[in-house]
Amino acid sequence: MSLDLSWIIHWGLFNVVVLYGIGIFLPFAFYRNAHFQNLVAHGAAMAASIVGVVLGLAGLWAPEPVTFSVLSNLPLLTFQVRVDPLASFFVLIISLAGFAVSQFAMGYVREFENRRSIGALGGLYNAFLLSMTLVILADDGFFFLIVWEIMSLVSYFLVVTEHEKPETRYAGFFYLIMTHVGTAFIIVTYLVFYQQAGSFSFEAFRHPAAPLPEGFRTLAFAAALIGFGTKAGIVPLHVWLPYAHPAAPSHVSALMSGVMIKTAIYGLVRVYFDFLGGTFPWWWGFIVLAIGAVSALLGVMYALMEHDLKSLLAYHSVENIGIILMGIGAGMIFQSYGLSNLAALGLLAGLYHTINHAMFKGLLFLGAGSTLYATHTRNMEEYGGLIRKMPWTAFFFLVGAVSISALPPSNGFVSEWLTFQSLFLSFQIPDVLMKIMLPIGAAMLALTGVLALACFAKAFGISFLAMPRSAHAREAQEVPWAMRIGMAEMALFCVVLGLAPMGVVPMIDRVTAPLTGITIAEKIVSEGGFALVPAPDKGFASISTPVLGLLLIVLVPAALLTAVVIGGRLRKRFYKTWGCGINLKPRMEYTATGFTQPIKQVFDMIYRPTVKLETEMLEESRYFAKRMRFETHIEPVFQKYLYDPVVRVLSLLADRLRVVQAGSLHLYLTYIFLTLIILLLWVR
Amino acid sequence: MVIHPDIGSQLVNFCSALLLLTCFAIIAQRRLSACVDLFALQSVFLAVTAALVAFLTGAHHIYIAAALTVVIKAMILPRILKAVIERLNVTRELVLNINIPSSLLVCGALVILAFYITQPIISLGFLLTKDSLAIALAIVLIGFFTMIARKKAVTQVIGFLVIENGLFLGATAAAYGMPLIVELGVFFDVLVAGLIIGIYTHRLQDTFDSVDTTKLTALKE
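Listed in order, the protein sequences are those of chains A and B.
Whatever position you read off the first sequence (first residue = 1), add 195 for this note's numbering.
Mapping of the second sequence onto this note's numbering: position 81 corresponds to residue 65, and the numbering continues sequentially without gaps.
Rather than coming from a laboratory, the hints here were simulated on the basis of the structure.
Worth double-checking, as some hints may not be accurate.
[As the list claims (entries may be wrong)] Across the chosen pairs, the derived CB separations fall in these ranges:
#1 B/R15 - A/E362: 55 to 61 Å
#2 B/F(-2) - A/S264: 21 to 27 Å
#3 B/I180 - A/R364: 31 to 37 Å
#4 A/A857 - B/R15: 28 to 34 Å
#5 A/H402 - B/F172: 36 to 42 Å
#6 A/S264 - B/I180: 41 to 47 Å
#7 B/I180 - A/V489: 54 to 60 Å
#8 B/D190 - A/R227: 38 to 44 Å
#9 A/I873 - B/F172: 29 to 35 Å
#10 B/I105 - A/L837: 50 to 56 Å
Here the structure is a predicted model, which means the values were calculated and not measured.
Beta carbons are placed, not taken as given, at the ideal position from N, Cα and C, and that holds for glycine.
One chain only, chain A, in its complex shape (with noise of 0.2 Å):
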């Protein structure tokens, strides 16, 4: 059986490189027909994901990790990959969202047709997906930091597709920064193992010669946090994820916002889980924590006022983001305390959430991306009634926002669930500090929770319900079946990992055991399999998704029943809604901005609303108005005092580094002749 495992998981790394290369390729042999350059692209693609869920599982599964390596002419560079439990979770997560976000790309390019080379759009979709796997696969420090910065150019490029609006290029030139800057940091972490390994591969950085010293060791936990934190874009490095991620095409936000930024989630388990080998002082986690908690808090106020839908779908992504590592820091702490039964669940509730979060996130920007295919504008306000028009997308998009809402028996309730156990079960812990602390977060958890349903509350009503608000959504049409296909895969994957946690949970259990040194799954699991119970021997709380969906679907058909039962028969009469004897017309509909109103007003401290109101008065009476403008704007906290000043001290300093580059050939000239004769006189 293992001899099988390792035999297909070769199989696996060898095609999936195949097939994605082909779908970089291939396309641009034919380079004439452009139709048939997508279909080559997507379903080559589509094709290496299956390939990938396969390699996923058995990796999963194998007993033993399975190591492949190709040794290269260049010194300290080994093309070395690694397929253990924690890697496979991750294939699969790229590979399950890939083949559902290939399939819609299928529909979805085609509106590029006229427009951009599909070759090149296909190529380089395939070459995102291939970098993302391998940085996944990676068991070499450089090795991965190569693919890792293929990973972020070849986005970089697909963010830029639409290269003629200024705001995506400026949205590619900051994505561009902050990646770099965020690879620096990494460098930096890898560097620090190096140097202690003498060597870059991950073996050596697991078991170094001399253990690192404590500082070395905090070095490369801060580094790690802020180079891999600046692609996961946790507060307040995620600045750049509002930008970039709307900018590029809808199926590749699917994948940056679902998938890429997850690689970061997996830099950091494997560096704190398994390169610092799990022992670590208890603030470490606290940060992560910390750092957790504040983006989720602030990644959702901040998508509640956004209208672009999916710019608002971008700040949820911070949000989620900082889920995960609220459960991943939970996971630390406990460790560090030596609760490795919590360590293990708090660890499970973050990778849960990870995929559950690549597939619902998946899914809705996919949905925007219909809606955006259908009406041409990213705008809510622009939006209204879809449902009528599109009921497809309307209902998965649906499920997207109820899974990522995290109302049961959804996927994203699941998980979110899970992280909640693990910070209530902080009683455990000796410290009173943390027994005070790890419920603040699940109380901001909580505050999460809520704001995320009155977010997507607004982005489903608003986008989705009433009547159409401008000829763009009077005109929309239902999309084709390759994109509504995609959307369907996505949303089975949501529904599946919500109703079926007992299948998950021992998956991921395998992926937590060789990190935590403890397997749960049978704990959690209760008898039966049909609920969650993460402390059974406290006897805390227990749930069970499949029979909560039961009940839905029982309890909303009793529900009717009685009140038919009760009200006497239903008599449907067709007639316009009352509206005080006026015509109702899309004007008087809930805005986006005015369902958000209260919201801005209670939390004004951290919004820092400008309201602007002017108002034309009729020369004849100053009662009736002629014309009013109304304008509100919320503060860029975070720019306006954070980036702002480090660009204009950069820019400062630049200036004066201008005199040195004076534009005179002899001037440069003589600079490399001083260098020399410098140079010289030092060696000599």
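Following the hints, put chain B in place on chain A, whose structure we already have.
For chain B alone, coordinates are given in the frame of chain A:
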């Protein structure tokens, strides 16, 4: 015929010194066509030195390099440069970044510097050409200095070619020449560089009505 190693070494040093002397002459010369002639002369001296080394050491492939030096550096490249000068009608270097007496002083200092830098290497050497290494470095530095001190593109080309001569001498001095394939590659490079710089000079003339490279500053944003 067998020459005593000491005498051979002296001969090589003498020829190398002649190369260095032509460098000073190039620095001191304002007339461009004379500069080109001096460069051709220097290349001939280089070929003689290389041939001498080939004869003394029996490394026959250096003969080929020497022959190529004569053909390319003493004949073809000077022709190209003279054609450029004629077509552009620039005969004299009128305005200098650094005037001639100062240039000569600087070059003298560079020679001392070269000897100072290479002294520890030479004292370890055992080849009969080892003393030429200092001279080779001096020639490279002077060539470089020519590129900095002179404004006309043609003079800069000559400076570049002088650097190349210095490198060739250095390779011969330090290791009895590079493998032939490398030499061939280098000759090809020099030829192509000469052509490209010739074209570049034309373009410069067309764009700025001058071959004064300081005008390139105007290209700055």
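Status of the hints after comparison with the structure:
1. B/R15 - A/E362: 55 to 61 Å: holds, 60 Å
2. B/F(-2) - A/S264: 21 to 27 Å: Violated: the Cβ-Cβ distance is about 59 Å, outside 21 to 27 Å.
3. B/I180 - A/R364: 31 to 37 Å: holds, 35 Å
4. A/A857 - B/R15: 28 to 34 Å: holds, 30 Å
5. A/H402 - B/F172: 36 to 42 Å: violated, 52 Å
6. A/S264 - B/I180: 41 to 47 Å: For A/S264 and B/I180 the Cβ distance comes to about 44 Å; the hint holds.
7. B/I180 - A/V489: 54 to 60 Å: With a Cβ separation near 58 Å, B/I180 and A/V489 satisfy 54 to 60 Å, so the hint holds.
8. B/D190 - A/R227: 38 to 44 Å: holds, 41 Å
9. A/I873 - B/F172: 29 to 35 Å: For B/F172 against A/I873, whose Cβ atoms are near 32 Å apart, the range 29 to 35 Å holds.
10. B/I105 - A/L837: 50 to 56 Å: holds, 54 Å
In the structure shown, a violation is registered for the earlier hints numbered 2 and 5, in ascending order.
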